[in-house]
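Enquirer: Using the hints, put the two standalone chains together into the complex.
Respectively, the protein sequence lines represent chains A and B. Using our numbering, read the first sequence as starting at 1 and increasing by one per residue. Using our numbering, read the second sequence as starting at 1001 and increasing by one per residue.
If you're looking for bench data, these hints aren't it; they were derived computationally from the structure. Cβ atoms here follow ideal geometry from the backbone N, Cα and C, with glycine treated the same way. Honestly, I wouldn't trust all of these hints.
Ranges between beta-carbon positions, derived for each pair [as the list claims (entries may be wrong)]:
# : chain 1 : residue 1 : chain 2 : residue 2 : range
1 : B       : Glu1142   : A       : Val70     : 53 to 61 Å
2 : B       : Gly1174   : A       : Ile47     : 27 to 35 Å
3 : A       : Ala51     : B       : Leu1121   : 39 to 47 Å
Residues from chain A that keep clear of chain B, each with C-beta distances beyond 12 Å, as calculated [as the list claims (entries may be wrong)]:
#  : residue
4  : Pro20
5  : Gln26
6  : Asp43
7  : Ile47
8  : Asp49
9  : Thr65
10 : Arg72
Each chain, written out:
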Amino acid sequence: MPVIEISQSIDARGLSCPLPIVKTAQAMKTLRSGATVELIATDHGSIKDVAAWCRATGNILLEQTSDGAVYRFLIRRT
Amino acid sequence: MITESPTRLDPLADAIAAVEGWPEAEDAPLDAMPAEGEAKTRDLLIIDYSGDLEKVWATMILASTSGAMGVKTRVFVTFWGLQVFVKDSKRVTGENWMQRMLSVMQRPGISHRKLSKMNFLGMGPWMMGRLARQYGVASPKELLEAAQALGVEFIPCQMTMDLFGLKPEDMIEGMGEPAGAATVIGMMTGDSVPLFI
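Bound conformation, chain B alone (with noise of 0.2 Å):
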């Protein structure tokens, strides 16, 4: 049986199948089929409560991993993790002084996460970024492009948006519903893995 797939963008493999046709297999989604016998995967929902490089790393690094295993992945954003999802150009964001005051004191966005400890003013981040490029480590921000395009949904706490008086326009784009606790211990009760970074 022959299907045409929506998401099929490869040239070469389109040049392949119209010499040769597409292969008979079934097609079969990439997030998937448990063997038989085999437990089904369960989801993975990763709250993402810090805003130091380090950790929005290893969110992004997990996040990215688990969608590419074809993993339900969620990670719900919230606090100093928050910040993290506005957008790099935005450089004062909230509603009244105190808001500003704390966006100004702490810059948001991707690109400006510092590290906790060995932070010297910025040097430290600087030093990780040209290492991490010398071995081909991937920055925050591209694992972050990698894990939406895999499919992971990033959740902001409603909570800590009024609370940072942020609004949806500040966030970078195809943040998920603003969602609050209860969805939280939903999942942590329910199907998923939590992770707490």
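Only chain A is shown next, with the shape it has when bound in the complex (with noise of 0.2 Å):
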């Protein structure tokens, strides 16, 4: 599997909705088509939220991955 390059990281930990996904946009606004962010979330909504999020904006949910409750997501701007 290819090694992903982040763009950028977002810390979220500790942060309730919706700031988790207010701070994935902001970033994003920020970002070359094509970038991927990571996003560590410790918000349990988060897991069907950045799925939302994704559909709606049509950006790309590479990797969803959790230990214990802190959640991963990797997605990628198209």
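Expert: Below, the structure written as structure tokens:
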């Protein structure tokens, strides 16, 4: 599997809805198409919300992993 | 094709690009693009009528999220909702004694909202604010700033501005052009999903 270059990492640990999404959207605005963002969150709702946000904006959820109650998402900007 | 983007601000992305070159994908706007076969996303119109803390909070959560999802979002602020968009630093607003008295009895500004129940002379909102910080919940003011940065438009009601004697310089930065009921009805019956809070 090729290594994914991460352009920006967003630490949203301890932040509640809708901050993980809002911060991701703000970061995406500054990035080029094709760039990948890493989002780290502890908000349990983000499991559903990140997927919904990707569907609505057309960005691609590359990977979703969890380490206990910490969730990590890799999102590619389209 | 490599194109220059005027919105590029990320030094890390720049550094990576300097080494590797920009990815050769086409630049697409964030607010966007329905997948093939899907209906176009509709606009969202929130009518912010209430000035109560809990309802203002709901408005700001939905407005900032909607902006983050690339949905064209407008918030029409009217009646008690308009007080929310007066600068926090303004203590007394209005041109005559009745308008001034209204602002004295109900302090304007997004950081001075009261709860509709369990306000307890300010104890309620104070505890809410403390709990919010403890649980990583953004304040209405932070969400308002995020919403504005994400392109959400806040449109003041001209009639309410006149009624309360509010001037454009009383309002926070970045407000849209004042408008009236016909604008709202036009959006409601057009492309916008309306929400009255």
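Enquirer: Confirm or reject each hint.
Expert: For each hint, the structure was consulted:
Judged by the Cβ atoms, the range 53 to 61 Å given for Glu1142 (chain B) and Val70 (chain A) is violated: they are separated by roughly 23 Å. Range check, Gly1174 (chain B) to Ile47 (chain A): Cβ separation about 33 Å, and the 27 to 35 Å hint holds. For the pair Ala51 (chain A) and Leu1121 (chain B), the beta carbons lie near 43 Å from each other, so the given range of 39 to 47 Å is met. Residue-level check failed: Pro20 (chain A) sits 10 Å from the nearest beta carbon of chain B, not beyond 12 Å.
Non-interface status of Gln26 (chain A) relative to chain B is broken: a Cβ of that chain comes within 12 Å, the nearest being about 6 Å off. Chain B draws Asp43 (chain A) into its interface by the beta-carbon criterion, the shortest separation being 8 Å against a cut-off of 12 Å. At roughly 16 Å from the closest C-beta of chain B, the C-beta of Ile47 (chain A) stays outside 12 Å, upholding its exclusion from the interface. Listed as outside the interface, Asp49 (chain A) is inconsistent with that label: its C-beta sits roughly 8 Å from the nearest C-beta of chain B, within the 12 Å cut-off.
Its beta-carbon lying about 21 Å from the closest one in chain B, Thr65 (chain A) satisfies the requirement of being farther than 12 Å from that chain. The Cβ of Arg72 (chain A) sits about 17 Å from the closest Cβ of chain B, beyond the 12 Å cut-off, so the non-interface label holds.
Of the numbered hints listed earlier, those contradicted by the structure are 1, 4, 5, 6, 8.
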